[in-house]
Amino acid sequence: MISLTRPEPTDRNEVILDVRNLRVHFPTPDGLVKAVDGISFQIRRGETIGVVGESGSGKSVSFLTVMGLVSSREAHIEGEIIFKGRDLLKLPQEETRHLRGKEMGMVFQDPMTSLHPMYRIGTQIAEAVLTHEHTSKKAAMKLAVEMLGRVGISKPEESARRYPHEFSGGMRQRAMIAMALILNPDLLIADEPTTALDVTVQAQILDLLDRLKADFNAAVAVITHDLGVVAEHCDRIQVMYAGRIVETGHSQVIYYRSRHPYTWGLLQSIPRLDAEEMHRLRPIEGLPPSLIFVPPGCAFHPRCPYVMDVCRTEVPELGPAHAFNASACHLPAEEKDRIFSQILAERG
Amino acid sequence: MGRYIIRRLLWVVLVVILVTFFTFVIFFVMPPVDPAILFAGRAPSERLIAQVRESLGLDKPFFVQYGLFLKHIFLGDQYGWPGFGMSFVTRSPIRENFLGRAFVTTQLAAGAAVIWLIMGISIGIISALKRGKWQDRLAMGFALFGVSAPVFWLGLMALYLFWEKLHWLPGTGYVPFGEDPSQWFLHFLLPWVVLALLFAAFYARMVRGSLLDSFGQDWIRTARAKGLPERKVVYKHGLRASLTPVVSMFGVDLGTLLGGAIITETVFNLPGLGTYVVRSVANGDIPVIMDVVVFGGMAVALMSLVADILYAFLDPRVRYT
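Taken in sequence, the protein lines are chains H and E.
For what it's worth, this note's numbering labels the leading residue of the first sequence as 1, then goes sequentially.
For what it's worth, this note's numbering labels the leading residue of the second sequence as 1001, then goes sequentially.
Treat the hints as calculated values from the structure; they're not laboratory data.
Ideal Cβ positions, reconstructed from N, Cα and C, are used throughout, including at glycine.
Among the hints, a few may not be true.
Claimed, not checked - Rough simulated footprint, nothing fancy, chain E against chain H, three-plus residues with beta-carbon under 8 Å:
1. 93-99
2. 126-135
As the list claims (entries may be wrong) - Heads up, simulated DSS-like pairs for lysine-lysine below, C-alpha to C-alpha not over 30 Å straight-line:
3. H:K213 <-> H:K84
4. E:K1232 <-> H:K102
5. H:K90 <-> H:K137
6. E:K1060 <-> E:K1071
7. H:K155 <-> H:K138
8. E:K1060 <-> H:K90
9. H:K142 <-> H:K213
10. H:K155 <-> H:K90
11. H:K142 <-> E:K1232
12. H:K142 <-> E:K1060
13. H:K90 <-> H:K138
14. H:K155 <-> H:K137
15. E:K1133 <-> H:K138
16. H:K102 <-> H:K84
17. H:K90 <-> E:K1236
18. H:K137 <-> E:K1232
19. H:K138 <-> H:K102
20. H:K137 <-> H:K213
21. H:K137 <-> E:K1236
22. E:K1133 <-> E:K1060
23. H:K138 <-> E:K1071
24. E:K1236 <-> E:K1071
25. E:K1232 <-> H:K84
26. H:K155 <-> E:K1236
27. E:K1130 <-> E:K1232
28. H:K155 <-> H:K142
29. E:K1236 <-> E:K1130
30. H:K90 <-> H:K102
31. H:K90 <-> E:K1071
32. H:K102 <-> H:K213
33. H:K213 <-> H:K90
34. H:K155 <-> H:K84
35. H:K90 <-> H:K142
36. E:K1071 <-> H:K102
37. E:K1232 <-> H:K90
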């Protein structure tokens, strides 16, 4: 019998996902799109990481690849994706399919379009159970109803019989979360789970994810372009730019001691209502680079206000900057600290 | 839903009244031949013509004639229900002949519909799944051929090949099922296929397009993300959404065909409504023309109503009130 709680005691610090030097390159008529260009990171059980970056920074593609939703037919995939000790890129397709929905679940950006418009909510959630477990439709549906209750949908029995268009955006996202978590996965990927929702609903969804992560003892990755969203919900943050990780560290450290000019830019573009006087938001100048013609050296150098000569030729390594933070930037550490404290002071 | 259906049925009646009215006006104002002269036989006297005109009711005012026509259609006449009236040309009641021909046309349309649905949907699926590969090119090449080849040419070529040259098929005409089922089938085979090809081509293109559209949807990604086998992603989730537009198109197409497949019936010498109406237009047999128009209009209106109701069952987002 399947149950919604994890019976066996587990190692709290177990590494669930270990991505090593992952590259995902899409051949297109215009050239090779280097969507993900050599990233490495780990996620442990019970941990939430926030993956932050502008559109096209490779944050979604890297996790779609983890899920096995980028096929090797459309992209060159290199590196290792070690999930609970097994390299997913070496497993046969049929095996990775059985991991999807069972051991890893994914919630997508737009709940308005992520559910099939012609099937009932309960049916769609129960389908995930029926795909992986030998159980009756009735039992699967019962589980779906129970799960709908757990994600905070009122009258779950009745709601399970409704169609997606009868749900609000927030309810649909809850249903998506129910679907992703119903088989108690070890990894939950939330790809911009709140971008399409009202601000008030955003907080509810993130709180729900927090609570469920604790209940299910899973590892969670929240992909977002909004640093503000992930601040209080993530243990660690990794910032991506042009297919690479440019800074990674504990959330508080990223907030109060960031060491990458791109992250500074992101922090400066968060609107603040509590500032004493209205200060102007500072958007990052320029546009994200084309992933076909990535600038040589540091990909961020054309937009970086602190650019040096070395930035134009040498790719900075993601080295440890201090104990809880690593950044890929050529600026000397003292210089970074000086500039960032200035920025903090400006922001008040 | 009930109220919606009733309202739509009233619309059907209105459509039929409008269609018959305009048809009536056209043939009343400018008939191809004067029916009374036609009916009166060779070299009739003025008196005879006047007599005939009176007995056919042609001397009555326009609106009275039209009213009588409607009354007979909906309430029946001395020959039964529905009242199809009497032919000006054969001078016999239309009803029996008409129903027999409508049955032939229905068999033709229904058989062709089965073929074109099967062909169109499966070709559409294959070419969507093999998008850009040779299977897709072949299928879309077929679709282009099917859309552009005229039915009369296709029909004649098929007859020449399978009847004249290969002697595989027994020829044209209609053999009732009750008389000889195998001959019935062999006589219908070519007309079914030829008529179906045109529609199959349209449906294949439509299914391909809407499947490809589905494959790009977020909910297909969701289906994959929950680990569904690819077969189910395509045939359950993808096809489910792609077939709803097929349903509404199918209703109208079938309805149109029920009013007579003029070219196919002519080429294959089938005594259906299509050949009937062609002959009647040439002869100025207004009652027959009117009957076919009413029948065709009803068929289109009713079939599209059925399609709309089906659509509401297939797509929960559509709710009629």
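Hint by hint, here is what the structure shows:
no.: 1; hint: 93-99; in the structure: holds (count 3)
no.: 2; hint: 126-135; in the structure: holds (count 4)
no.: 3; hint: H:K213 <-> H:K84; in the structure: holds (17 Å)
no.: 4; hint: E:K1232 <-> H:K102; in the structure: holds (17 Å)
no.: 5; hint: H:K90 <-> H:K137; in the structure: violated (33 Å)
no.: 6; hint: E:K1060 <-> E:K1071; in the structure: holds (15 Å)
no.: 7; hint: H:K155 <-> H:K138; in the structure: holds (18 Å)
no.: 8; hint: E:K1060 <-> H:K90; in the structure: violated (88 Å)
no.: 9; hint: H:K142 <-> H:K213; in the structure: holds (22 Å)
no.: 10; hint: H:K155 <-> H:K90; in the structure: violated (44 Å)
no.: 11; hint: H:K142 <-> E:K1232; in the structure: holds (22 Å)
no.: 12; hint: H:K142 <-> E:K1060; in the structure: violated (73 Å)
no.: 13; hint: H:K90 <-> H:K138; in the structure: violated (36 Å)
no.: 14; hint: H:K155 <-> H:K137; in the structure: holds (20 Å)
no.: 15; hint: E:K1133 <-> H:K138; in the structure: violated (42 Å)
no.: 16; hint: H:K102 <-> H:K84; in the structure: holds (13 Å)
no.: 17; hint: H:K90 <-> E:K1236; in the structure: holds (29 Å)
no.: 18; hint: H:K137 <-> E:K1232; in the structure: holds (16 Å)
no.: 19; hint: H:K138 <-> H:K102; in the structure: holds (19 Å)
no.: 20; hint: H:K137 <-> H:K213; in the structure: holds (27 Å)
no.: 21; hint: H:K137 <-> E:K1236; in the structure: holds (16 Å)
no.: 22; hint: E:K1133 <-> E:K1060; in the structure: violated (67 Å)
no.: 23; hint: H:K138 <-> E:K1071; in the structure: violated (56 Å)
no.: 24; hint: E:K1236 <-> E:K1071; in the structure: violated (49 Å)
no.: 25; hint: E:K1232 <-> H:K84; in the structure: holds (27 Å)
no.: 26; hint: H:K155 <-> E:K1236; in the structure: holds (28 Å)
no.: 27; hint: E:K1130 <-> E:K1232; in the structure: holds (17 Å)
no.: 28; hint: H:K155 <-> H:K142; in the structure: holds (13 Å)
no.: 29; hint: E:K1236 <-> E:K1130; in the structure: holds (18 Å)
no.: 30; hint: H:K90 <-> H:K102; in the structure: holds (19 Å)
no.: 31; hint: H:K90 <-> E:K1071; in the structure: violated (77 Å)
no.: 32; hint: H:K102 <-> H:K213; in the structure: holds (15 Å)
no.: 33; hint: H:K213 <-> H:K90; in the structure: holds (28 Å)
no.: 34; hint: H:K155 <-> H:K84; in the structure: violated (36 Å)
no.: 35; hint: H:K90 <-> H:K142; in the structure: violated (36 Å)
no.: 36; hint: E:K1071 <-> H:K102; in the structure: violated (67 Å)
no.: 37; hint: E:K1232 <-> H:K90; in the structure: holds (24 Å)
Going down the numbered hints, you'll see the structure goes against 5, 8, 10, 12, 13, 15, 22, 23, 24, 31, 34, 35, 36, while the others check out.
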